[in-house]
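J.: First to last, the protein sequences are chains S and W.
Here the working numbering = 1-based position in the first sequence + 19.
Here the working numbering = 1-based position in the second sequence + 604.
In case anyone wonders, no lab produced these hints; they're calculated from the structure.
One should not assume that every hint holds.
Stated by the list, open to error - Here are the simulated lysine-lysine pairs, DSS-like style, with alpha carbons at most 27 Å apart:
{"id": "1", "chain 1": "W", "residue 1": "K711", "chain 2": "S", "residue 2": "K340"}
{"id": "2", "chain 1": "S", "residue 1": "K340", "chain 2": "W", "residue 2": "K652"}
{"id": "3", "chain 1": "S", "residue 1": "K161", "chain 2": "W", "residue 2": "K711"}
{"id": "4", "chain 1": "W", "residue 1": "K654", "chain 2": "S", "residue 2": "K340"}
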Amino acid sequence: MKTNRHDKILLAHGGGGQLSDELIRHHILPKLRNDTLAELGDSAKLNLASKLVCFTTDSYVVKPLFFNGGDIGKLAVCGTVNDLAVAGSAPIALTLSLIIEEGFEFELLEKILASISESAKANDVNIVTGDTKTVETGAVDKIFINTAGIGVRLAGVDLGFEKIAVGDKIIINGTIGDHGLTIISQREGIKFQSQLKSDCVGLAGLTCQLLKNTSGVKFMRDPTRGGLAATLNEICRGAGLSIEINEADVPVNPTVRAAADMLGFDAITIANEGKFVAIVSLESVDACLNICKNHPLGKEASIIGEIVETRDAPIVEMTTKIGGKRIVQMPYGRELPRIC
Amino acid sequence: MLERIYKAQNLMDTACNTLGRQINIMEVCGTHTVSIFRNGIKSTLPKKIKLLSGPGCPVCVTDQGYIDIILQLADRDDCLIATYGDMIRVPGKGGSLETKQPNANIKVVLSSEDALQLAKDNPSRKVVFVAVGFETTAPATAVVVKEAAQESIDNFCILSGHKLVIPAMRALVSEKNHNIDAFLCPGHVSVIIGFGAFAEIVERFGRSCVVAGFEPLQIIEGLGEICRQLAAGKAELKSVYTAVVTEQGNTTAQEIIAECFEPVDGYWRGLGKIEKSTLKLKDKYSRFDAFKRFNITEMPGEDMSGCRCGEVLCGLIEPPECGLFGKSCTPEEPVGPCMVSSEGACAAWFKYGGVMGSGYQEIRRPGSQ
Numbered sequence: 020m021k022t023n024r025h026d027k028i029l030l031a032h033g034g035g036g037q038l039s040d041e042l043i044r045h046h047i048l049p050k051l052r053n054d055t056l057a058e059l060g061d062s063a064k065l066n067l068a069s070k071l072v073c074f075t076t077d078s079y080v081v082k083p084l085f086f087n088g089g090d091i092g093k094l095a096v097c098g099t100v101n102d103l104a105v106a107g108s109a110p111i112a113l114t115l116s117l118i119i120e121e122g123f124e125f126e127l128l129e130k131i132l133a134s135i136s137e138s139a140k141a142n143d144v145n146i147v148t149g150d151t152k153t154v155e156t157g158a159v160d161k162i163f164i165n166t167a168g169i170g171v172r173l174a175g176v177d178l179g180f181e182k183i184a185v186g187d188k189i190i191i192n193g194t195i196g197d198h199g200l201t202i203i204s205q206r207e208g209i210k211f212q213s214q215l216k217s218d219c220v221g222l223a224g225l226t227c228q229l230l231k232n233t234s235g236v237k238f239m240r241d242p243t244r245g246g247l248a249a250t251l252n253e254i255c256r257g258a259g260l261s262i263e264i265n266e267a268d269v270p271v272n273p274t275v276r277a278a279a280d281m282l283g284f285d286a287i288t289i290a291n292e293g294k295f296v297a298i299v300s301l302e303s304v305d306a307c308l309n310i311c312k313n314h315p316l317g318k319e320a321s322i323i324g325e326i327v328e329t330r331d332a333p334i335v336e337m338t339t340k341i342g343g344k345r346i347v348q349m350p351y352g353r354e355l356p357r358i359c
Numbered sequence: 605m606l607e608r609i610y611k612a613q614n615l616m617d618t619a620c621n622t623l624g625r626q627i628n629i630m631e632v633c634g635t636h637t638v639s640i641f642r643n644g645i646k647s648t649l650p651k652k653i654k655l656l657s658g659p660g661c662p663v664c665v666t667d668q669g670y671i672d673i674i675l676q677l678a679d680r681d682d683c684l685i686a687t688y689g690d691m692i693r694v695p696g697k698g699g700s701l702e703t704k705q706p707n708a709n710i711k712v713v714l715s716s717e718d719a720l721q722l723a724k725d726n727p728s729r730k731v732v733f734v735a736v737g738f739e740t741t742a743p744a745t746a747v748v749v750k751e752a753a754q755e756s757i758d759n760f761c762i763l764s765g766h767k768l769v770i771p772a773m774r775a776l777v778s779e780k781n782h783n784i785d786a787f788l789c790p791g792h793v794s795v796i797i798g799f800g801a802f803a804e805i806v807e808r809f810g811r812s813c814v815v816a817g818f819e820p821l822q823i824i825e826g827l828g829e830i831c832r833q834l835a836a837g838k839a840e841l842k843s844v845y846t847a848v849v850t851e852q853g854n855t856t857a858q859e860i861i862a863e864c865f866e867p868v869d870g871y872w873r874g875l876g877k878i879e880k881s882t883l884k885l886k887d888k889y890s891r892f893d894a895f896k897r898f899n900i901t902e903m904p905g906e907d908m909s910g911c912r913c914g915e916v917l918c919g920l921i922e923p924p925e926c927g928l929f930g931k932s933c934t935p936e937e938p939v940g941p942c943m944v945s946s947e948g949a950c951a952a953w954f955k956y957g958g959v960m961g962s963g964y965q966e967i968r969r970p971g972s973q
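With the hints as extra help, turn the sequences into a complete structure.
T.: Written out as structure tokens, the structure is:
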């Protein structure tokens, strides 16, 4: 069935003719097959259980394409799944758009597609429609991927900044900074790169469990680019309330800490791809933490701080390990390009 | 750990009570500056203790004249500029290395070895290594100069802007109106030069010099030791970074610096011309000296209009006192080098103190009610 006459992508693979058809039918479809996708229609027809849906999109341009703990394919599935998950929905379906540079090796494309397939299965979503374009050498760097996703909101769940109140607790499901530092270390060829591993993973299993079994979750967000610092600042601005966190309670893998120190980064500003921050009511915090800790993706979950009254302007303040206080700023964000 | 912090804080309280005035302690190391801000150390100190960020960040102390020379060399088609990353954003006449178009002549390197390799890989170009930094980076530059000499890599040269810490400290405390009570001395530099090198500052100028590492606890203990001395009316030389720093320092590194370089008068941002403060290649390596090769003389440059980095570096003002801070000068669009380098005082204030800056230094100490 496989008729791989080429070992590299040609411009014609995106031309809409025979080679395009071959690429889709012989390389993409076999890996991602499901009934909806197999129709290869102009649009996917979906039958959703609810009118309340979440809809999101994200593009993935990570360099390098393959990194310890994942690759661009896994990232493209998990990243979009996580955006749906933290909005309080169960992911149902994804789209997949590939923009491929002429000359890209089929072997690598196959690896990426296999990874997409595996991640979609692991997150219980189907790739239901997609698109493939090829561009001349230099127009993109090897391969860029866009995925859009649709999820059904969980019954009775309505998350939002406006729900957040003074006294609410802040939970994170594990260590910070692993993804961003893995990428930068691998890119720079730094010697401790083998000990670093991206946390890239889909979170819907854990977030759905949390939302179905407790009622105190008010808001969730995945701290990707800009790291925990950016997410906390967004929450602070969105809710109009201040945040206090305790440095000693923020989980950081020791290798990440050492790598961050060496490279002059602050782990709190570094991207994650398998973490969520949840704002939960004081009454439900123990139950939430318990659910996280009993789930494989939340073993190192921790209560890192709380929502407090604003004095002058909403700020994120950190109590450091030595008992000092400092502001956690919104990172200005250009230290690490193309990490996702 | 808390006990050691409390002990140091008690020493600080005693010093504040005994002296009954503001105590100014200057750190001369960018890594200290960052650690002080990142760990919120200022918020744990008595109000009367003021930490000043001195000339400890290599990018910050580099004079504008030197920056303008690099920019001129970058215009030459026959040159390839090899520079550490944080230098490329320092603005000079007509932009920075980052904004220069075309910028094909500029390569960011992670080490001096990478710069030499660049020369080997591009035999038709003159590779100019922008050699900045204190005694910590000078040995690495010396190593590649020797290597270039041995292997006759004649298209390689260095634009030495290497600076020495002690002459800068001497210059600061030689000023009549300086306000520095003591120095928290740099850990990295001391590993190379040895803590004994600071004896002159203690003996001749009567200022305490305490070498500390970069962990927040070491910094606090260093400040505690300084306060112990101040309360007792003494100025002593001490290292609380004993695991790493010796009195003599790294003699091998000192020897290689001495073999390749000699100290000459040099220009510093904010401090002006300082006697024997800058490292110049010795005559036997002069063929690798970019100043000689391109027949350039370093002249003092003009700071960017309104920029007060020079005063920040001398501890005369704190970053928020500069009119540009947080307004037209931010890490995104820096005007002065102290906002460019992540180790610069302005960048650290902006990043960890917020644009509200000095207003934030509110005292809530772990030991107090």
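J.: If a hint holds in the structure, say so; if it does not, say that too.
T.: Verification of the hints:
no., hint, verdict
1, K711(W) - K340(S), "violated (39 Å)"
2, K340(S) - K652(W), "holds (23 Å)"
3, K161(S) - K711(W), "holds (23 Å)"
4, K654(W) - K340(S), "holds (21 Å)"
The structure fails hint 1 only (numbered hints given earlier).
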